[in-house]
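Let the sequences and hints guide you as you build the complete structure.
Chains A and B, in that order, give the protein sequences. Residues 14 to 224, numbered by the numbering used here, are exactly what the first sequence covers, in order. Residues -15 to 281, numbered by the numbering used here, are exactly what the second sequence covers, in order.
Calculated directly from the structure, the hints in this document are not laboratory data. Being a predicted model, the structure only gives us computed values, none of them experimental. Just so it is clear, CB atoms sit at the ideal spot from N, CA and C, and this is done for glycine as well. All clues stand as given, with none of them false.
Dumping the calculated DSS-like pairs for lysine-lysine here, alpha-carbon to alpha-carbon at most 27 Å:
(1) B:202 with A:129
(2) B:276 with B:10
(3) B:110 with B:94
(4) A:43 with B:10
(5) B:110 with B:122
(6) B:110 with A:220
(7) B:202 with B:94
(8) B:122 with B:94
(9) B:202 with B:110
The calculated label-pair distances, taken between Cβ atoms and stated as ranges, are:
(10) A:116 with B:116: 39 to 49 Å
(11) B:47 with A:116: 32 to 42 Å
(12) B:158 with A:139: 44 to 54 Å
(13) B:272 with A:127: 41 to 51 Å
(14) B:267 with A:116: 44 to 54 Å
Which bits of chain A does chain B cover? Going by a derived footprint, with three or more residues having C-beta under 8 Å, they are:
(15) 29 to 41
(16) 70 to 81
(17) 194 to 202
(18) 207 to 214
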Amino acid sequence: MAYPTATLDVIGLWVGWFLMLMIYSYPLYKENVAYRAAEHMFIGVTLAITIITNFSNVMRMCITPLTQGNILMIVPLVLGLLMFTMLIPEYRWLSRYPVALLVGAGFGLGIRGTIKPNLQDAIIDTITAPTGGAMIDWFNYLYVAVGLICSIMYFMLTFEHSGPLKAPTRIGRLFIMVGLGAYFGNTVLFRFTMLTGRAQYFLQVLKLIPM
Amino acid sequence: MASGHYWVKSVDSTREAASKMSALSKLADIDRRVFYWILFIALMVPFLNPIGFPITIAPNTQDLYDGITGDQVDEGEVWIINFGYGVSAWSECHPAVTVCTKALFREGAKIIFIGPHYDVELTYNKLQDTCREDFATKEYGVDYVFLGYFTGGESVVAQLASDIASVFPQDHFGTPIGDIPMMDGVEDVHDIDGVLSSDTGDYGGHFMTQWQGPYGTKLAEVGIAMNGSTDLPRWQAGNFFGVSVGSRGGAELELLIGELGEATTAMDSISVSHLLLVLAIIIGNLGTITEKLGGKE
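So, in structure tokens, the structure goes:
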């Protein structure tokens, strides 16, 4: 990608650069007018784009086929409109029908697809011993096995976590903490990568590095 | 006298220890803005002076690359690339998607681009820019098509498996799907040879439960680093034939295809950010432990 030459593109680039600095003025300095202005602009623009995109989608998926004679499209259209009755207290009950339909369809589809990939495949992978003789594979295998069994035991609330259950449930809690720590670490690192992208953009607009 | 001398010495050493402790405990009270400034500046330095940390190829990335190149892809196969990420995650997902698009095009595959993010058009335009040479040799509607935005989560992914035209009666530019030569005979999951889902959310999971599970469709994931701990077990279980994790995965794929790009450039900066984070954790913990030892509430 080369540095843009068209005036509008260059203006767009610099507007983005200034807006980015306005947003970063909050963590780098403190909450201020520039930050709030950029924040409100961001929310407004995002909302506008979302509304336009979804409106176009409804037109494309529903209204256009309806006007072309696909009379069945009236069903999703009516169901969609019923959702807006949430805004009128007297007729709010009507919105329960599309919600019920969505939840029901979601559950049905979810259950149909979940059993094999999410349960069966995952369990088979967990209980299958490594075929190679590498030490690290066996360590991973045992680590996952112990972690899985102990973590499940931690959520077994039918029995008190004492006696023979005391040690495995404590180990299970440790595994859960390690798992949550890894999730949190990954989240932080993802945000850092986004920041890296912004740092790159900062330098690219200033032409200090190639675009 | 002797005991008095001992007492003075003892008081001196206690004061000395307390002053050392207060210096260390100050570490826990460093203004977070200081850290942010250091981070913001330190992230830029590797872009100006690349360090060149070595990059090794992870087996999950190698599997992904192997699955979209060589004997694994025949000419004329139809693949779906799902842009499940917005502009904010370009630095994480886009380099890997760029490499995958290049690899599939070079194997002669046809690609359908779709995306559940409202800014999907921007991502598609960006891809056209980052794969300019490859798109130049391909014809829209014959070798690739951009069906555009879709919404509805897992239900729509399931509907796509049954009837693509019911979700996308037209492409993004308003051309009826029946008028697109490439879509002739491409009606449902059975006409698709593989799916690459790149996500900040879990559309890869939806394709897994609605496509890979019931129909055995080849499926790979180009995910953000945050999703690595979800995606990698799915790769180990064989649901994904390969996984690219974050921009690190992108850098590995750039290395595999032999065209270094955005991810490779960013890797040094990302490594520096990780080192700084580790340093910050050590400093914070040192400060907190010192506070506790000093009895400060």
